[in-house]
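Listed below are the residues making up each chain.
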Amino acid sequence: MRHVLTANGLILGAAALALVLAAPLMRAVAADEEAEVTISLKDHKFDPAEIKVPASKAIKLTVNNLDATPEEFESHPLGVEKVIAGKGTATIRLKPLAKGTYKFVGEYHEETAKGTIVAE
Amino acid sequence: MLAALIIVFREVLEAGLFIGVVLAASRGVPGRDRAVTLGVLAGLAGSVVVALFAAEISEAFSGRGQEIFNASVLLLAVVMLTWHVVWMASHAREMTARLKELGHAVAAGSQSVVVLGVAVASAVMREGSEVVLFLTGIMMQGGSNAAALALGSAGGLALGAAVSAVVYTGLMVVPLRRVFAVTGALVTLLAAGLAAEAVRQLSNAGLIDVLDGTLWDSSWLLSEDSWPGRVLHVLIGYIDRPTAVEVLAYVATIATIYLLSARVRPRPAAAKPHAAAPSARPAGLPDRDAA
Chain A
1 MRHVLTANGL
11 ILGAAALALV
21 LAAPLMRAVA
31 ADEEAEVTIS
41 LKDHKFDPAE
51 IKVPASKAIK
61 LTVNNLDATP
71 EEFESHPLGV
81 EKVIAGKGTA
91 TIRLKPLAKG
101 TYKFVGEYHE
111 ETAKGTIVAE
Chain B
1 MLAALIIVFR
11 EVLEAGLFIG
21 VVLAASRGVP
31 GRDRAVTLGV
41 LAGLAGSVVV
51 ALFAAEISEA
61 FSGRGQEIFN
71 ASVLLLAVVM
81 LTWHVVWMAS
91 HAREMTARLK
101 ELGHAVAAGS
111 QSVVVLGVAV
121 ASAVMREGSE
131 VVLFLTGIMM
141 QGGSNAAALA
151 LGSAGGLALG
161 AAVSAVVYTG
171 LMVVPLRRVF
181 AVTGALVTLL
191 AAGLAAEAVR
201 QLSNAGLIDV
211 LDGTLWDSSW
221 LLSEDSWPGR
231 VLHVLIGYID
241 RPTAVEVLAY
251 VATIATIYLL
261 SARVRPRPAA
271 AKPHAAAPSA
281 RPAGLPDRDA
291 A
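Read top to bottom, the protein sequences are chains A and B.
Position 96 of the first sequence, counted from 1, bears residue number 96 in my numbering, the numbering being contiguous throughout.
Position 188 of the second sequence, counted from 1, bears residue number 188 in my numbering, the numbering being contiguous throughout.
Just so you know, the hints here were simulated from the structure itself, not pulled from any lab data.
The calculated EDC-like cross-link candidates involving lysine to aspartate or glutamate, where the alpha carbons are at most 20 angstroms apart (straight line), are: (1) A:Lys95 to B:Asp209; (2) A:Lys95 to B:Asp217; (3) A:Lys99 to B:Asp217; (4) A:Lys103 to B:Glu224; (5) A:Lys60 to B:Asp209; (6) A:Lys57 to B:Asp209; (7) A:Lys103 to B:Asp217; (8) A:Lys99 to A:Glu34; (9) A:Lys114 to A:Glu81; (10) A:Lys60 to A:Glu81; (11) A:Lys87 to B:Glu56; (12) A:Lys114 to B:Glu224; (13) A:Lys114 to B:Asp225; (14) A:Lys45 to A:Glu81; (15) A:Lys103 to B:Asp225; (16) A:Lys60 to B:Glu59; (17) A:Lys87 to B:Glu59; (18) A:Lys42 to A:Glu111.
Far from chain A, some chain B residues (derived; all Cβ distances over 12 angstroms): (19) Asp33; (20) Arg34; (21) Leu38; (22) Leu44; (23) Gly46; (24) Ala150; (25) Ala154; (26) Gly155; (27) Leu157; (28) Ala158; (29) Ala162; (30) Ala165; (31) Val166; (32) Leu176; (33) Gly184; (34) Pro228.
Derived, one-sided and incomplete: chain B residues facing chain A with beta-carbon distance under 10 angstroms: (35) Ile57; (36) Arg64; (37) Ser129; (38) Ser223; (39) Glu224; (40) Asp240.
Glycine is no exception: its CB is placed at the ideal position from the N, C-alpha and C atoms.
Could you build all of it, start to finish, from the sequences and the hints given here?
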């Protein structure tokens with residue numbers, strides 16, 4: 001007996017996949033547990049370029065792009081890649097960090113748009 | 001110019017690797033070229049739209065819009081690739097036969113082709129929107145070096161397309177009998193990597209907050225910032241600092257595709273000739289190999 005893949009198969013597969021992926025209980029982090037930090041980007045430079053944050057606490061980092069050009073906030077150590085529109089704002093949520101220094105860059109202007117987050 | 005070339009190449013590389021693997025995985029599927037071409041065009045159109053609405057997307061869902069949007073596009077691609085691998089598992093026999101006798105028509109192909117087009121469109125849109133944003137920035141800055149930057153971007157685009165061709169050609173050397181097993185495995189890993197990336201996006205948006213501790217750190221061995229790291233990230237979803245939930249999504253995707261494929265794969269003894277094949281020599285006959 002030859003099995004033919006049907007629309008049911010697709011729905012079954014998609015549902016199984018969705019279940020597996022959604023299983024880790026989607027919960028939003030309560031806002032009051034977050035430390036809030038705001039920085040800006042002007043002339044392709046972050047201001048301030050060094051951010052001090054408390055360790056072991058969730059952080060809500062707001063980046064205001066004052067330039068007209070778009071930028072991509074990127075940090076492999078933090079596992080973040082986020083597009084910020086020209087004259088736009090991006091909200092970056094960071095998990096509680098271990099003590100240490102984490103670098104980030106603006107991918108489109110890596111020579112000037114550099115910064116570090118210091119968790120202490 | 002070099003900076004522009006590298007940035008554009010990085011983005012195009014990702015879509016290029018993706019397309020190379022997908023093309024190789026669908027050898028002999030009728031209408032494949034048209035579907036992939038349409039997918040690329042739709043993806044390009046989509047990336048312009050996404051770039052135009054970058055600010056709106058980003059601000060949706062209390063600043064979580066971009067992550068939710070990316071995760072949705074990634075999960076759509078995962079479902080499409082899953083569908084493709086499973087479909088190929090049930091048709092690999094006919095496909096292999098068709099590749100051996102050129103011109104031999106296989107009737108059932110339209111479903112998988114649409115799926116491929118959508119998967120390609122999603123990959124092109126994701127990477128393309130970043131290129132569009134970057135180029136928009138260049139054009140806004142204007143100035144004397146704009147031409148050099150544009151030239152660099154064109155070079156990056158050409159390099160990315162070349163990589164796609166190299167991957168495809170490289171996979172062409174896989175013997176016909178093995179080609180769908182090999183490409184099926186490649187597409188499965190590709191899908192698993194996308195699923196892990198989708199989970200990362202949801203995690204970054206704060207929508208998943210369990211099992212999100214870093215499981216290991218292999219950045220000292222192979223950094224995701226390095227070129228080999230980047231290529232492996234695209235091809236098999238390599239992450240140098242994965243969280244438990246990302247690994248879980250990765251493994252779960254592989255398991256799902258494997259189980260679904262095993263369920264539909266015709267057993268050699270039970271395989272029947274393809275009903276719609278007009279040829280006197282049915283496609284489902286056992287391989288008469290070494291041709």
